[in-house]
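Chemist: Build out the structure end to end from the sequences listed, making use of the hints.
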Amino acid sequence: MIIETKTSQAIQSNTPTIMTANNVDVFYGKKQAICNVSLNIPENQITALIGPSGCGKSTFLRCFNRMNDTINICRVSGEIKFSGQNIYDPKVDVVALRSRIGMVFQKANPFPKSIFENVAYGPRIHGLAESKDELESIVIRSLKRAGLYDEVSDRLSEPGTSLSGGQQQRLCIARAIAVDPQVILMDEPCSALDPIATAIIEDLMETMKEKYTIVIVTHSMQQAARVSQQTAFFHLGELVESGDTQAIFTNPIQERTQNYISGRIG
Amino acid sequence: MRPQIQNELRRRNRRNQIKEFVIQGVLIASSFVAILTTIGIVASLVFEAFRFFEKIPLTEFLFSLEWSPQTAIRADQVGASGKFGVIPLLTGTLLISFIAMLVATPLGLLSAIYLAEFAKAKTRDIVKPLLELLAGIPTVVYGFFAALVVAPIIRATGSGAGFDISSESALAAGLVMGVMLIPFISSLSDDVINAVPQALRDASFGMGATHEETVTKVIIPAATPGIIGSLLLAISRAIGETMIVVMAAGLAANLTLNPFEAVTTMTVQIVTLLTGDQEFDSAKTLAAFAIALFLLILTLGLNIIALRIVDKYKKKYA
Amino acid sequence: MPNYILSTSRQMAKRHAREKRFKWYGRIAIFISIAFLVFMFSAIIFRGASAFQQTKISLDINFSESILDPSSSRDPDLLKRANYKPIVVESLLSVIPEVTERRDRNRLYKLLSTGAVFDLGEKVADDPSILGKSKKVWLLASSEVDLFMKGKIDPNVSEDLRRLKDRDIEWIEILKSEGRIKKKFNKTLFTNGDSREPEMAGILGAAIGSFFSLLVCFLIAFPLGILTAVYLEEYAKKNFITDFIEVNINNLAAVPSIVFGLLGLSIFLNFFHLPRSTPLVGGIVLALMTLPTIIIASRSILRSIPQSIRDAALGLGASKTQTTFHHVVPLAMPGMLTGTILGMARALGETAPLLMIGMVAFIVDIPKGVTDVATSLPVQIFLWADSPEKGFVERTSAAIMVLLAFLILMNICAVYLRKRLERRW
Chain A
78 MIIETKTSQA IQSNTPTIMT ANNVDVFYGK KQAICNVSLN IPENQITALI GPSGCGKSTF
138 LRCFNRMNDT INICRVSGEI KFSGQNIYDP KVDVVALRSR IGMVFQKANP FPKSIFENVA
198 YGPRIHGLAE SKDELESIVI RSLKRAGLYD EVSDRLSEPG TSLSGGQQQR LCIARAIAVD
258 PQVILMDEPC SALDPIATAI IEDLMETMKE KYTIVIVTHS MQQAARVSQQ TAFFHLGELV
318 ESGDTQAIFT NPIQERTQNY ISGRIG
Chain B
-14 MRPQIQNELR RRNRRNQIKE FVIQGVLIAS SFVAILTTIG IVASLVFEAF RFFEKIPLTE
46 FLFSLEWSPQ TAIRADQVGA SGKFGVIPLL TGTLLISFIA MLVATPLGLL SAIYLAEFAK
106 AKTRDIVKPL LELLAGIPTV VYGFFAALVV APIIRATGSG AGFDISSESA LAAGLVMGVM
166 LIPFISSLSD DVINAVPQAL RDASFGMGAT HEETVTKVII PAATPGIIGS LLLAISRAIG
226 ETMIVVMAAG LAANLTLNPF EAVTTMTVQI VTLLTGDQEF DSAKTLAAFA IALFLLILTL
286 GLNIIALRIV DKYKKKYA
Chain C
10 MPNYILSTSR QMAKRHAREK RFKWYGRIAI FISIAFLVFM FSAIIFRGAS AFQQTKISLD
70 INFSESILDP SSSRDPDLLK RANYKPIVVE SLLSVIPEVT ERRDRNRLYK LLSTGAVFDL
130 GEKVADDPSI LGKSKKVWLL ASSEVDLFMK GKIDPNVSED LRRLKDRDIE WIEILKSEGR
190 IKKKFNKTLF TNGDSREPEM AGILGAAIGS FFSLLVCFLI AFPLGILTAV YLEEYAKKNF
250 ITDFIEVNIN NLAAVPSIVF GLLGLSIFLN FFHLPRSTPL VGGIVLALMT LPTIIIASRS
310 ILRSIPQSIR DAALGLGASK TQTTFHHVVP LAMPGMLTGT ILGMARALGE TAPLLMIGMV
370 AFIVDIPKGV TDVATSLPVQ IFLWADSPEK GFVERTSAAI MVLLAFLILM NICAVYLRKR
430 LERRW
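Sequence lines, in order, name chains A, B and C. Position in the first sequence (from 1) plus 77 gives the number in the working numbering. If you count the second sequence from 1, position 185 lands on 170 in the working numbering, and the numbers rise without skipping. Position in the third sequence (from 1) plus 9 gives the number in the working numbering.
Simulated from the structure, these hints should not be mistaken for laboratory data. Warning: the hint list may mix true and false statements.
As the list claims (entries may be wrong) - Keeping only pairs whose Cα atoms sit at most 27 Å apart, straight-line, the calculated DSSO-like set for lysine-lysine is:
hint, chain 1, residue 1, chain 2, residue 2
1, B, Lys297, A, Lys190
2, C, Lys191, C, Lys159
3, C, Lys32, B, Lys107
Modeler: Shown next, in the form of structure tokens:
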């Protein structure tokens, strides 16, 4: 069945959806940052959220793992489901939720601990390893999946902050992976990195999507076009258009989308 | 431009330049008062202390285990009866400071952590001023409280439980000194904890850690150098404290680690030696300056180490 | 899988329980700290509240001219020093006539404070027309009587263990039954200087001494502190000398207060031979102690003034001095004043350095200038706390209450100033 609406292009409906947002509003005090956004996140694919700065895409991303809870004046209404379960249900344990939905931030923020300890932190607090050996294998596996292991295998006890910017970000990715999440949210992960480091991480995302679902916020349309399968365009807090990445970039339905892509706005 | 105006402007310019120069001179001079004060302190302590060490050998001061400051009655009886060893004073000071830190560190740290991380804004608005109030109480009031309220209670509780606790016990003085230090440690730690970047908290929460895990496993380890610096500054404050111990601690030197006994401290001895009726030149009164020099070196040393640790920690996050 | 986020596995429950416990540790720590504060305040108020009242005995005194001023000279000096004891004893006997023996009469007379006759002398010297008349006067009772009236002496304790004997208590009861003994507002606490007798001891001398000391302290520390801060923030280039000055200031802020007292003793008293135990020297010592605090606070205020203000003035052709003193300093002044008031509040409570410069003597007179020998309020508290007489316990607590009241007032002023005049940049 092909679903075609005013705002979305053809979506392959045989891809299962792991997260859905329905009629989500986000308020910072009286100011409304997100207006009535509904979006499906297909599993094992990369969804890119694009739009000019200040359009609310990071705010929307943070709804998925309830990181907006940490901001006092932020209020979220609407429904967000993860595997069919409403994540704002009072019975939901947000600590458990965040072990299923991980996050990588704009500026790499490794803990002031060793590389090993950075990656081991998550598995430790969630009790994922029953022995030291198991913990070590989780850490090594995560570092490998983040494409960092070969570069740091001989200095796991050095501080995480001694790595380069790109390496630090991959360390943060390894850290998120170590908890074995199903979804990884990435908030402009490459905006502080040079083109080479960016390319490494984009390649990484391609291999990561086999095991994880990725939602990435990016201010670079080219990056969205390169890595994602689904793209959602945000403008002034509204979801203007979403759908298959190729379709959005070659043949957008909405005029605003067209204007953004051609550089007239943003 | 007419020559009269030119000349006038030239004159005014020179006048203004002289004014600027004079004002700058005044400013520099006032800044030198700080240096003069330091020189004054060091000079007065060193000078008098040296006069003391002419009468009493430095080795006795630093290594003798007895403190009973008596001066010779006859001129040829130099040092015969008196013993001027600073060690019993040092142990007394450290014992009371240790007890004080034992009280103040957990209470101050836990309060700071709770206020910085968990408390609602309304709670913070009420509790912080109250802690500031504790900080603003003059030490003579703490001393009164220690001597007339706390010491009798401790003594009564002790004898009820079968212990003989002195009415000038180190415990009473240390306990009250600890209460005085609580706001000191709390506000310094609060600054340190708030300085830990939000990014680290976000990273920890993003991985599904509880707030407590974030605090104990990420924030406190990150803030540890700063917290250690704060504790060292608090110890330095405790060592230099005078009124609480003058009013609540003992006068006789006592080389012991027992908190139930009365001990005396360096600051107490400085006060007793200088507020009695003694001529200024006797070894007794000069001893006060020797103790003060020792005290100054100790507290400044601690402060320098503390500031170095805190600086290194700040550079990590700058 | 889908219900994992709802799971309350044992492990998850343990983690949440640990968080709950941890938060309670914090709450308990805060509770204990504040409990100490409340305990201290209540202990002091409990002991000190009674000091605001003082027991007085009312007697009908016959100001017999023949005894007091036989030569009718009306000389105030002679009147002050006349012998008032006989007329007082006569009045006491008229109330309690059964006292016959001389020893008992002396004891009866001792119910009054030794200062009572001085009060009478003052009264007559001020208004000699009272001579020859009979008047009802309220006289100060002795400290023992006062303590008994305030319930601080236990009559059930064996007579040997107390100064107030059973006979005295009998007489007090007689006075009570005639309404001749009452607790009245204690003016002497606020109008007298120190005294050996608790009932006559007041804090006025100490308060004035503190005032003069703080005055000298302010006059020295405020200008020096502001000028130094202005120099370091606005003028000084980053070089060895300014670094050295900064290091000095930071170190001075950490020096124990008693060391400043020793500085005062050896340099200002012994070397410059300034008068001992005066607010002048006390003020200088306090100023040196407070200077680092004022400098550090003022510097941070100056730093918070945006550069754009200075740029605007300089752009108009103002000189460095004009920019600084016409623009920057006035904007910074409220903040710098706040810091200074807080520094003064700390200086008010300082005791140790003042002990070192000799302010530990027993001073009765009220000081009239900064070179008069004086004491300060915290030193007075220290001295009274050491006194053996029971009557001083309540007075010490009352003096503490007055001191704390001043401190709270100063802090409120500073906070009010900060809130009223603070700008948000």
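Chemist: Please name the hints from earlier in the document that this structure breaks, with their numbers sorted from lowest to highest.
Modeler: Of the numbered hints given earlier, the structure breaks none, since each of them holds.
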